[in-house]
Every structure is written in structure tokens, then in C-alpha cells.
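Q: Each chain is listed here by its residues.
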Amino acid sequence: MNITRLILVAVGGQGNLLASRVIGEAALLSGIPVRMSEIHGMAQRGGVVESAIVFGDAKSTIISDGEADMLVGFEPSETLRALKKANSKTVVITSLAPLSPFTVAIGKGVYPDLAQVQNIIRAKTARLIALDAVSLAKEAGNVMSVNMVLLGAMTQSKKLPISSEKMKEAIAATTKKAFVEINLKAFDLGFSAADKSA
Amino acid sequence: MHKLLTDSPGQTMLLLGNEAIARGAIEAGVAFASTYPGTPSSEISLNLFQVSKESDLYFEYSTNEKIAMEVAAAAAISGVRSMAMMKHVGINVAADVLMTLAYVGVKGGLVILSADDPSMFSSQNEQDNRYYAKMAGLPLLEPSSVEEAKDMVAYAFELSETLQEPVIFRTTTRINHSTAPVVLGNMKPRITKGDFKKDPFNYVTVPAVARKLHVKLLKNLEKAEEIAETSQYNFTEGAGTWGIVCNGVSFNYASDAIRDLKIEQNVKMLRIGFSHPMPETLIKNFLKTCEKVLVIEEGEPYMEEKIKAFAQEEKLTLPINGKGNQLFSRLYEFDPGMARQVIANHFNIPYTPPQIPDLSDAPEVPQRPPNLCAGCSHRATYYAVKKAAEGMETIYPSDIGCYTLGFLPPLSMADIVVCMGASVGTSCGFSKVTDKKVIAFIGDSTFFHSGIPPLINAVFNNHNFTLVILDNGITAMTGHQPNPGVDMTEMNLSGYVPVSIENLVRAIGVPHVSVIKPFNVKKSVSAIREALEFKGVSVIISREPCMLYAKSLKKLRGNRFQITDKCKSHRNCINDLGCPAFYLRKGQVKIDADLCTGCSVCAQICPEHAIAPLPRPLPEAERGVAGKKGDKV
Ligand code: SF4
Numbered sequence: 000m001n002i003t004r005l006i007l008v009a010v011g012g013q014g015n016l017l018a019s020r021v022i023g024e025a026a027l028l029s030g031i032p033v034r035m036s037e038i039h040g041m042a043q044r045g046g047v048v049e050s051a052i053v054f055g056d057a058k059s060t061i062i063s064d065g066e067a068d069m070l071v072g073f074e075p076s077e078t079l080r081a082l083k084k085a086n087s088k089t090v091v092i093t094s095l096a097p098l099s100p101f102t103v104a105i106g107k108g109v110y111p112d113l114a115q116v117q118n119i120i121r122a123k124t125a126r127l128i129a130l131d132a133v134s135l136a137k138e139a140g141n142v143m144s145v146n147m148v149l150l151g152a153m154t155q156s157k158k159l160p161i162s163s164e165k166m167k168e169a170i171a172a173t174t175k176k177a178f179v180e181i182n183l184k185a186f187d188l189g190f191s192a193a194d195k196s197a
Numbered sequence: 000m001h002k003l004l005t006d007s008p009g010q011t012m013l014l015l016g017n018e019a020i021a022r023g024a025i026e027a028g029v030a031f032a033s034t035y036p037g038t039p040s041s042e043i044s045l046n047l048f049q050v051s052k053e054s055d056l057y058f059e060y061s062t063n064e065k066i067a068m069e070v071a072a073a074a075a076i077s078g079v080r081s082m083a084m085m086k087h088v089g090i091n092v093a094a095d096v097l098m099t100l101a102y103v104g105v106k107g108g109l110v111i112l113s114a115d116d117p118s119m120f121s122s123q124n125e126q127d128n129r130y131y132a133k134m135a136g137l138p139l140l141e142p143s144s145v146e147e148a149k150d151m152v153a154y155a156f157e158l159s160e161t162l163q164e165p166v167i168f169r170t171t172t173r174i175n176h177s178t179a180p181v182v183l184g185n186m187k188p189r190i191t192k193g194d195f196k197k198d199p200f201n202y203v204t205v206p207a208v209a210r211k212l213h214v215k216l217l218k219n220l221e222k223a224e225e226i227a228e229t230s231q232y233n234f235t236e237g238a239g240t241w242g243i244v245c246n247g248v249s250f251n252y253a254s255d256a257i258r259d260l261k262i263e264q265n266v267k268m269l270r271i272g273f274s275h276p277m278p279e280t281l282i283k284n285f286l287k288t289c290e291k292v293l294v295i296e297e298g299e300p301y302m303e304e305k306i307k308a309f310a311q312e313e314k315l316t317l318p319i320n321g322k323g324n325q326l327f328s329r330l331y332e333f334d335p336g337m338a339r340q341v342i343a344n345h346f347n348i349p350y351t352p353p354q355i356p357d358l359s360d361a362p363e364v365p366q367r368p369p370n371l372c373a374g375c376s377h378r379a380t381y382y383a384v385k386k387a388a389e390g391m392e393t394i395y396p397s398d399i400g401c402y403t404l405g406f407l408p409p410l411s412m413a414d415i416v417v418c419m420g421a422s423v424g425t426s427c428g429f430s431k432v433t434d435k436k437v438i439a440f441i442g443d444s445t446f447f448h449s450g451i452p453p454l455i456n457a458v459f460n461n462h463n464f465t466l467v468i469l470d471n472g473i474t475a476m477t478g479h480q481p482n483p484g485v486d487m488t489e490m491n492l493s494g495y496v497p498v499s500i501e502n503l504v505r506a507i508g509v510p511h512v513s514v515i516k517p518f519n520v521k522k523s524v525s526a527i528r529e530a531l532e533f534k535g536v537s538v539i540i541s542r543e544p545c546m547l548y549a550k551s552l553k554k555l556r557g558n559r560f561q562i563t564d565k566c567k568s569h570r571n572c573i574n575d576l577g578c579p580a581f582y583l584r585k586g587q588v589k590i591d592a593d594l595c596t597g598c599s600v601c602a603q604i605c606p607e608h609a610i611a612p613l614p615r616p617l618p619e620a621e622r623g624v625a626g627k628k629g630d631k632v
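Residue numbers (numbering that gives the first Met the number 0), protein chains in the order written: chain V, 0 to 197; chain L, 0 to 632.
Chain L with its partners taken away, still in its complex shape (with noise of 0.2 Å):
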């Protein structure tokens, strides 16, 4: 049985703040749940699929956050709890939705996650989610701990169905990726079916509709405001006059400082955890008892702002504090030691922080960078592109996934990274303006999310750039998980239907496809270059399963290979490909028999044919069995 759903309350289980959320959504009686995965939420989706597999929890990997959220939101709409997660930028793909779902509204709980994550641990942006509540007029719910999480997520379906709306909850990295003792609570049972009733008035938008539901709108979220007021989550510790006013992880950092710093007498610290609509009045009268405020948040002044609204109406002139210099930063994640520094200045306390060795005398540490796994058939089709390329100016939009990792030297093939999908969009202006050889990049899971739409456009309005779509056939840098193209009788799951991605290319009336399989250079380079003389849209699909993926299946194949002594140094291999397996010893190139997976492109590409197969195959242990290399012993 999956741990979320060991059913003894009570309990106390290590959990990380991902799965504490699943669990609180599967207590609160969840019983459909859908997400495009995305870092640092990924967990709790990877959770409740598993859970899916033993339960009548429906749960499913939607193509693109916006479709989750639309599949979360009519089941809701039926009446049956729901939950949609997604990290903080899928809010974006998602914010269509997301706006009028506000207006529409919903029956049954719908808790949208939004995964936020200072200091861009794994995103290419850290936006602060909490504008988008403001903005759809939606309440939101921000846990301190992973304990808090836990709770406040079942708080979040309750609030859901007193309202009548979604609710966001808003997590951030050091939330999700925390980890921490958490009591088991009961299990509310799942109901699985809904029903729709027709209303049309209120749910076609309609101009003349919309007007009216905007105006039920507001006056939800007045109702919003007046439980905010009292909510458990909005609560005042201690009695100072020295105010401290804090959300998520900057209330563990807040809490601490002050112990540390022996201020317990002279703080009072308001934790808002209801962050939207703000407790007016609860703000308000906490501001009356200060002389000082801070505002520790991060991200953006988002409280900060609202809080100085609040003391102007009350004309207040105490001083208020967040942002600024010698202040908190808009920019990265808060740490305790920033924490604790900013409230002695703030308040005048006497501080000496923490003496950080001096390492100016310490060697300089190679950087260590994330890179593309030995084996991984990125690498083999960045190769063969570069090569078919030679001679080319080009330009080379790249998209989101593992492949974005090519970018660095040695391969260095991605010139631009903004969102998903935006690789295929960018091209088509690029190869208006420029008169370079357009080459993009997109994987599998990313062309299904957002890069279709992009490729009609270039195909109608006649574009000439060459789309490389790099088919590994899984969502591998959130950790494997599916997408429209996989087969999933792999998962030993029954009942899905595989979308070809050539079918699907060649209907959309892409003029010149090609399918390549990088491990066979000679082949795929002479089939790019084809492809890239084309003039128009040239799509070039990419098919070699994702090597981590495969040896998780137990499907790696070949004999791992070895540097014979024919070899004269030239570091082709090395200095081409950038293949961790490889390194120097005395000045000699050698591989690590360990790292080869038995691709074989090093050894097609060395000029002294010096790179040669070990004689024994892979052994057992490398293909995924019991112990398989990075497995948890």
C-alpha cells in the first residue's frame, strides 16, 4: 500500500513537504487531481499518481498546465474535489483559465497549486505568484512548514466550497523540498462522481453574463475577506510594539531570529498565512499597536504595498518597512542568517553575525555544473546537427527540458531559452528578420505542451527554419513522467492511446519530415543536412529513448566501450561531446566503464577508430536490476 495511505491518525511519518501536501488533499477526500509536471511541484503529482494506481482517485498528466486546470476545474463544477498543480510559470500557460474561472466559479472544492520557487532552483524565472490571486480576485493560502501544508490543504477545499471558488495554494521550494515529522490525520471518503447542471446564465460568459458574474465576484470576495479576518491561518504571536509581519518560510526565519536575538519582549509578529484578500482589519488594528513595522517577505513587496494602503487610510505614519536597501531584496530566497541581520538593523539591536571563513587562500573548486547523462541521445542529435550545420551561420532557439543543459560548452547549442514551446514560436521571427540558418530544438513533452500551435503558424504563414524535435518518448527532467506520446503499457498501465508525433507532424502539412535515430551519426547527419537545405518548415524528429528512462526499464542494450591504445590524443571525443563518462588520467583519455551505457557515438566519431567495445556486455546490475547504478541502496 503507497504510505499516503496508511490510515492510522495519529501517526507521526517523515514527510516531505510534496507528499504532506498529497496527503493533505487525499484527507480532505480528493478525488481527481491533474498537472503538467513541473520542479518543485512534481512530487505530489508523482504521489497522487501512484495513489491513482491503488484508489479511486482519478488522476491524470495533462498535455499543458492550462488543460489541467480546465479538467480540474469541470470537475469541480460537477461537484467533486479536485486539485490542479502546477509550477509557478504553468500559472501562466494556465492564466486564461484561470481568470474566468473566477467568475464561473465551482461546486465542488478545486485547490490550484502553484509552486513557486525563489532563487530559480530549476526555472527560468522566480515570479511571485501571489499577484495572480490579486489579480483573479481569488483567495490564496501560503503554509509555513510542511506540517502547515498538510493541514491547510484540506483548510483550502473547505474554503473552495464555502465560496464557491477555486482557491490557489501557494508553495514555495523551500516548502515543497523541506522535510519534516507529520501527524497522520483521518480520511475523508472520495466521491467520484459529479454531476453537471445546465445554467447557462451562469456559466456561458458571455458579455451580458460575465457583467453579472463579476459583481458575485466581488462580493465573494468580500466574503473572502471577512473569514481571512478570523482565519487560523492569519494569527499574531507575543506583544511588542515592535511589528513583524511575515508569510511562508519567512516566518521560520522571523521566529527563530527573534529567539536568537532575545527580542521575544519587544516583537509582535503577524503570520499571514490567508494572504488574499488581506485581514483589513486585522492589519489595521495590528498596525496601531506598533511604533515600527517589518515586513519580511519574499519575492515581491506584495504585502508590504497593501500593509502602507492600510496605515495611510488609518493615517498612520508609523514607519513601515520590507524592500529596499539594507532591507530585504526582491531578489533569490531568504535564508535565517539574512533574516536575523535585517530585524538587529531594522530594530537597533546590538549583532554580530557568524564569522565565514576566509577562503581566499583556498584553491579555486572546478565548477560543477549539471550536464546531459553519459549516453543521453541529446547529445548524439546535438552532434549530428552541428555537424550537418558546419559552414552555416546559424541561430539555435532552444526549449525546456534536459536538452536545455546542451547549451554549455562543450556542445553550446542553444542560443535562446524563454518558455515552453517558445523555441518554435521564436523561429518563425527569427528567420523572417535574419538571413541565419534557423535551427530549433523541442523535445517530446514540450512540443505536446505548447509547440503545435507554433508549427501551424509556420507551416501557414510559410516560415523557413528546421524544427528538431528531440523524441525521447518521456517527460524526463521533471523525473520521467508521462506524456500523449508514451506508451504506457511500458508503466504496465492499460487503456491510454499514444499520440504519434510523425502522424501529427505530417497532418499539420510540414512540407519536408524526417525521422532520424542519433546513434547512427553518418545516417542522421546526411538526413539533417537534407533538412536543413530545405527551404521552408523542415521538422526533423529525433528517436532514441532517454537513456535513464531505458536502463529504469531494464531496456539498455550494447557493450559499453573503451579507449584502445590506438588512440593519439586528438580529444575529439572529449572536446565534441562532452560525455561524462569520459575523463583524463596522465594525460590519457580514458572512460568510465561504470558511466557508458554502450551508445556508441564516441566511437563513430573518433578519427583513429581507437574507441572499441569491451568485451563483455553490460552487466546485470547496469541494466537496471536490483542496485542499478544511482538507485537508492
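Here chain V stands alone, though its shape is the one from the complex (with noise of 0.2 Å):
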């Protein structure tokens, strides 16, 4: 089968990783192989976490630059910062809600300007879809969605060969039960929200 690389690049805390987890759940249930790799150490420690998911025949579980079918950034200057994954065929996803790192509060450094980033990820890849999906996820109820809001969008770009149900299915078996019905709803706006985009 066809191998479809997914990159996931969030700061920590912002649930990339149970993102991932979701993702993998639902290969699992639609019966397509998945391997997916994590560098998480310092993920409660505000660094950044990136997973990289491989669907397919492959056996790497890693991403090399320019090698991402998907780039799907929780945070805009990061999804910037992780733009060597992607190439001119490359679908992003990206969040528009920015958390600004520290370095930038003590001055050792500068806040790129939003506008500037998308119209860059635009000049370089296939498609861009940008979204604000902390917004979103507190449209849903919950600020804490934002993750199910991008997996909403990943799944109306269709990149990925899993199905809105099975998404939906995996949502409902991995994430805490009193969230459920948030999650399917951050879900479901991230999804309408990438078909404006489009």
C-alpha cells in the first residue's frame, strides 16, 4: 500500500500526543498499517513535540525533511519551524491561534507575523489550510480540543487514508468519556472549517 507520512509539531501541553494516539487508533481500525514516533522529554516543560506517523508498507517510524505528505502544526511559528518536513506537494494544517515562547517576553527574539508565515507555507506547498482552532475548541466547550479540532481538518483534507467514522470512532474509544461529545464537536467544526478553507 502507499505510504503517507504525517508530521504532528505542537508546544508542549497542547495534546499532539493523544492526537497521535487517536490517529494510530484509527488506522488500527480500519486495518491499515501505522507506525507513528514521538520525541516528547520535555513536553510538560513548554518545549516543542513533534510525532512523526508513517501509514503504509514502511518500516521507519521516522520523517526526513522534505519527506511529509501532511504538516500539521498546533501552533503557528512552529508549524513555520517545521516547514523543512514538507515539500511542494506537501498539504499544512495549521493552527492560527499563537503561543508566544518566552524567549520573545526577554527579548531574544521575535513573534513572526502571522499574515507573513501563511503567505510563505502557501508559496511553498500544495494546499495550506489555516484555522483558529483554539477558537474552535472553545466554540466546542473545551479549550483542551484543540487537538480533535485539527484532527477534524486533517480528515477533510483527505490526505490520509482514514475515514471521518473511524476518526470519529477512535475519538470516542481513546479520549476520557465526560469529553466525548466535546471532542466529536471540536471535531466536527475543525472539519467544517477546512472545507471553507479550501
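Hints were generated in silico from the structure; no laboratory data involved. All residues carry an ideal CB built from backbone N, CA and C; glycine is no exception. Just so you know, not all the hints are guaranteed correct.
Pair by pair, the computed Cβ-Cβ distance ranges are [to be verified]:
(1) N344/L / K88/V: 24 to 32 Å
(2) R121/V / K133/L: 51 to 59 Å
(3) G55/V / K2/L: 21 to 29 Å
(4) F234/L / K88/V: 34 to 42 Å
(5) A125/V / D95/L: 32 to 40 Å
(6) Q561/L / D194/V: 53 to 61 Å
(7) E304/L / A177/V: 43 to 51 Å
(8) N1/V / P612/L: 31 to 39 Å
(9) F234/L / N1/V: 23 to 31 Å
(10) D194/V / E304/L: 53 to 61 Å
(11) P408/L / G55/V: 39 to 47 Å
To give a feel for the contact side, a few chain L residues facing chain V, derived at Cβ under 7 Å [what the hints assert, rightly or not]:
(12) P335
(13) P349
(14) P353
(15) I573
(16) P579
(17) F581
Which chain L residues stay away from chain V? Per the calculated CB distances, all over 12 Å, these [said to hold, decoys possible]:
(18) L56
(19) T172
(20) H176
(21) V208
(22) E224
(23) Q264
(24) K291
(25) R339
(26) D434
(27) K436
(28) Y495
(29) V524
(30) E529
(31) E607
Hints are included, so try docking the two chains, each in its own frame, into the full complex.
A: Below is the structure:
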């Protein structure tokens, strides 16, 4: 089967490891070979967390620069930082809600302009789906559902070999009972936001 | 029930590499496990710790890796299947045991897990622990994938019992932290009780006995080599004349590259999973069928050197390459693109690498280094020490833990970090040869691990420095594991006896001991000043629970804070503390109320008294009930 390579980047605490878990379970439910890897040593100390997910008959669990079919950034400056993973055929999804790194507050860097970030991504990749995942998560009922919003957008893009139904089934099976309803709503909001941005 | 105890052979489960290893051990009937936590191995022990609460598996967090290995060795010598797991540098701590345990051997299976960390994602070096197997004369197994890791653990136990030797099981971060579907197998029953039979002429390693035991070890090594020759973990694929020898994750990158480059017909691959002792005949026969060989292994040229030696013995002159210019590096982890490129170069295959986007026109993205949490007590201690030491020329030896993150500006509170416990040992030397004030930092867990002997050394040799013990009551960095100072009743566990750091320090005879509460800035600064003025060894115990751990125990107290209109924008708060709850909006200092934990340190240092508590206490959600920040939704 064809190989699809997906990179998720986020700031520690944004829930990308749970998003990877959901995708993994959804792949398992769909009978699609999947392998993932993550670097999360410093997740809780505000560092960057990166997950790689490889669908199909590959043995590798990591993705080299220029080889991601899809790049999903939970935070816009992190999406830009990870853009070296993409190529001209990559679909990029990014949240537009910035989480300014502390280095900016102490004057050791400047947060990039959001419009410029989007223009650059658009110029260098096949498609950019940009949405404010934080607002959509709040609309769904929990600011922590940013990951579910982005799962919705990923599914809409049809770049992943996983259907909406399987993704939702995995959300119901993997996330905490009390949050399933909100999470599914967040998923739908992300899905339709991506639809509109097409 | 813990998911790793699921008794349904044949079921497919998505498992993290470390979970698969723990499951493999459970399937093999491991009955005794010990560790000192260290990334990337930590989730193996975390899972076994959880499983031990629901079963008769014995598990302990030992004080350091040497002890973890000794504890497990004794269990294995008594016939109980045991496992000691640690990160690669932990094997350095345990090396003393390892080298002679190899002479003594075991009865029940003993698997020693070494989690190596190529690229140093969370380590101070990237040493290649395969050399430990070679140095100790012990068998070495290395899996290539999550699924294989599970089955290979069971094999390791069998092998250990066949040879009556410990087996080293080496992983790398990309195995530990990869996830894949794994098919569950049967679980062997645990045999938890053993027996020790006196046998001094095999166990008491006085020179006369040890000389005999070394002979036994070498015989065992020959036996191991024979097993390695036909082990299912050393296999060949393909029938071409371009040879590729690989191990671990390199096997995955090589397999994918061969397919991507469409050279399946040309290549013959030898995957070495049982890599010490190296299967001599298998490799020699492989070399004889090849025109050219490429060795793909992360880290050191461990296999390459041996393979070249084998070729020399057989008078084979084919080119064999691995590390070098245009080839593979001894640095960092590999990736699929890199392996593809080197394979293409080496076998002269036309290949265009994927186009990496040209980002020269993109704005620079500000760095996002990991930072001490908002409300972390270490930040408060660092601030107080810095204030107390104002005007002094200082050296700050530091140690391994969350607090190492304090080396970054604006705190800049670490001048040298080497290994566990070295803050105290190096302080002895620095204070002798320089006239600067030496102030060392060590966490509670690291102090227990290896800070006590150097402190005794300091007292005995009458050195002159101040040691700050950052006692936050948990091993925070690796995910909040217990250490000997922890009150286990907070984890709802009984039967433990916590050790008091203060009593210990006093018992050693440290002449000047003080205890501070770092969130009380003024008192802390004056107590620290007094300790710094003392000539001789002084110890400050800075006691305040890890905020993140307190939050998980729902023990966070206090109000959140806000900036009032008294703020004159001196920015002392931001510039001196570097707390991530602060941010700037239109040049105005702000506090993110979602991140603030109410430590109040900033409020105490603001010259304008412009930081005041928010009227409301922390909402329930912030106190650690369901849906707390950072929790999985
Ligand atoms: S986990 Fe605990 S010790 Fe580590 S940075 Fe956070 S608050 Fe500090």
C-alpha cells in the first residue's frame, strides 16, 4: 500500500500525543498499517513536541526533511519552524492561535507576522488550511480540544487514508468519557472549517 | 486492570515501544524488576510499577542504577526471572556490578535493559553501550521495531537461563518512543520465590575464584557465539551481491531505502539483532557472497570493526565501509532520507533527494527551549541564591534534573554539569583550586542517587563550599517517580519508610545546615547569605514540592496573580525570574492567569508592589481535578 507520511508539531501541553494516539487507533480500526514515533522528553516544560506517523508498508517510524505528505502545526510559529519537513506537494494545516515562546518576552526573538507565515507556507507547499483551532475548541466547549479540531481538519483534507467514521470511533474509544461529546463537536468544527478554507 | 495484563493472546494492541518491552517481560513471566528512572527508558518501569500494584510482580524504584542492578542480580541468582532497566548512562553507574556479575552469572533469567539515546534528546552524551557487552563478555540483543522488541525480551530471558548469564538488551530512543500495533502473546506464570544455595567457590570473587570464573565466562561466550550463529534475530534478506549489514532502527531505514531505490535484486542484507558475540561464521559466509559491503549502524563502528577483522582473517579484499566521509556519521541518530542517500552514493545508484523547501526568505522563528514550569520552586531558589550571592565571584556546579534547565538566561544558574552527583564532587575540586565562592545545586533524587558520598568527602576533607539541595519531594524530570525521600502515602502506597535529607546531612556532620522555604524570598535570601559566609561545608535544603506534582495531587494552594496599574514596567519580574506565565502585550507586562500557580515570588520582588492576587482562588480545574491543564482530554 502507498505510504503516507504525517508530521504533527505542537507546544508541550497542546495534546498532540493524544491526537497521534487517536490517529493510530483509527488506523488500527481501519486495518491500515501504521507506525509512529514521538519526541516528548520535555513536553511538560513548554518545549516542542513532534510526532511522526507513517501509514502503509514502511518500516521507518521517522520522517526526513522534505518528505512529509502532511504537516500539521498546533501553533503557527511551530508550523513554520517545521516547514523543512514539507515539500511542494505537502498539505499543511496550521492553527492560527499563537503561543508566544518565552524567549520573545525576554527580548531574545521576535514573533513572526502571521500573514507572512501563511504566505510563505502557501508559496512553498500544495495547500494551506489555516484555522483558529483555539477559538473552535472553545466553541466546542473545551479549550483543550484543539487537537480534536485539528483531527477534523486533517480528515477533511483527505490526505490521510482514514475516514471520518473511523476517526470518530477512535476519538470515542480513546479520549476520556466526559469529554467525548465535546471532542466530537470539536472534530466537526475543525472538519467544516477546513472545508470552508478549500 | 492494567492494559499490559490483558490476557487475550492474538489481540492486536497499539503499544509504545516501552510498553511493548514491559509486556514482553510480563509474557516472559518476569517476577522481579528494578530501576532508576531515566529517559528514554522511563515508561518501561512506569508500566511495571503500575502492574506491580495489581499483581505479585515485585517492582522497586532503587536509589540508583548500581543498586537496581544488584537488587535484580540477587533475585536472579536466587532463581527468579528479573529485569533491571536504565538509561545508557545508568549503565556507567552500574558498571562495577556488571563486570563482575558476568563472572558470577545467574540462575533465573536476568535482562539488563540499556536505553541508549542517539542524538541526546534527553541525555548528556550519546555513548554506544554495545561496547559494554563486549567489555563484560555478555550477550547483547538489539531489536529493530516495537513488535520485535516485545518478543525479543522473552528470548532474552530464555537466553539468559540457557547461558546462566545476564543478557544486555539495548534499545535506542526511536524504539522506546515509537508506537506500533503489537500482537499479544501468552503470559507465563510468575515464579516470585527463589532460593539461594551457598556456593562460595562460585560466588565469592576472591582472586582464586575469579580466575576460575573468567575461564567459565569465556566458555559461555563461545556458547553464546554458537547460539548467535543460528539465532532468528540474525537473518539475511535478498540474494544480490551488494551487501548491507545493519542493526536496530538502521534496518528499517535500509529496508525502506532498498525498496524506494528499487534495488531489491541487487542487495543482500544481513540484519544483526544478536550482536554480541558477533556470529563469526554467518558474517564470514555473508562477506564471501558480496562484492561490496556497507555497514549501517548508529553510533560507533562497533559492527564495522569486527566485520573488517573477519574479512582480514578470511583474506577477503572486498570494500567494506560504514563510518566516514560521504558515508555514515558517528554523530546523532540516522533517518530514512540519510540512509537512502548514502546507500545510493555507495552503490552508485542515480538518485535525486526530495526537495527541501528553501526557507531563506522566511522570518526567523524564536527559539522555544524547555523552561522550568510557571511556579517551579527551583526558580525561586535560584533567584534567592543569586540575590544572596550578589557581589561575590561564584562558580555554580549543577546536576541532573529539571533544575538543569535553570542554566538558560535569565536565570543562568549552572556553570558545569557532568553526571549524576558531580555537582558535589566537582565543588570539592573547584573550591580548592580557585578563590571563588562555589555554590552547588543538586535535586533530592540525585542527592540520594550519588550526592551523599561526595558530601561525606567534603566534610572529611574540610572543603569550603555551599551545597543547595533542591528538595521538591519527587523525581520530577523523568515523570514524577518516587525516591527515598518521598512520602509514599501520597501515592496511596504503604509499607515504605521515607528517609529525611535533613537528618542525613546532619548525621554526616555537615557543620552548617539550614532549611529554607523558597517561596518566602526575604527569609530565604538571608538564610542563604549566612550559609555563604560560613567557611567550610554548608548545606541549604530548599524544600517545596514540585508544582506539577502538587497539582497532580490536587494540593496546589494560593491565589493567582495579576499585574495592577501600579506597574511602571521595570520588568524585574520578567528579566530576573523568566517565569513562563509572563508575557508582553503592547509593551505591557501581563500574567497568564491560566499558567500562574500562585507561588507569589514575583509579587515579592516587584519594587512597585504592582503584582497582586486575583480575588478568586484557583478554580477547581487548576487544582488538579479532571480536565486540569496539561492533562489529556
Ligand atoms: S516538573 Fe516540577 S520540578 Fe520540573 S520544572 Fe515543573 S515544577 Fe519544576
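Q: Please check whether G55/V and K2/L have a Cβ separation lying inside 21 to 29 Å.
A: 26 Å, holds
Q: Using 7 Å as the Cβ threshold, decide whether P335/L counts as touching chain V.
A: Where the cut-off is 7 Å and the nearest Cβ of chain V is about 4 Å from P335/L, the hint holds.
Q: Compute the least Cβ-Cβ separation between E607/L and chain V, then decide whether it is above 12 Å.
A: 18 Å, holds
Q: Would you assess whether R339/L, listed as outside the interface, keeps its beta-carbon beyond 12 Å of every beta-carbon in chain V?
A: 8 Å, violated
Q: Decide, holds or violated, for the assertion that all CB atoms of chain V are farther than 12 Å from the CB of K291/L.
A: It holds; K291/L is separated from chain V by about 23 Å at its closest Cβ, greater than 12 Å.
Q: With a cut-off of 7 Å on the beta carbons, see whether I573/L makes it to chain V.
A: Hint holds; I573/L Cβ to chain V Cβ min 6 Å, cut 7 Å.
Q: Holds or violated: the 53 to 61 Å window for the beta-carbon distance between Q561/L and D194/V?
A: 40 Å, violated
Q: Would you say V524/L is clear of chain V, with no C-beta pair closer than or equal to 12 Å?
A: 23 Å, holds
Q: Confirm or reject: E529/L is not an interface residue toward chain V, with every Cβ-Cβ distance exceeding 12 Å.
A: Holds, because the least Cβ-Cβ distance between E529/L and chain V comes to about 31 Å, which exceeds 12 Å.
Q: Determine whether the non-interface label on K436/L survives the test: each CB of chain V must be over 12 Å from its CB.
A: The claim stands: K436/L keeps its Cβ more than 12 Å from every Cβ of chain V (closest is about 26 Å).
Q: Is the interface hint satisfied for F581/L? The criterion is a beta-carbon contact with chain V at less than 7 Å.
A: With Cβ-Cβ at 6 Å, under 7 Å, it holds.
Q: Is it true that F234/L and K88/V lie within 34 to 42 Å of each other by Cβ?
A: Holds, at about 36 Å.
Checked against the numbered hints above, the structure breaks hints 5, 6, 7, 8, 13, 19, 20, 25 and satisfies the rest.
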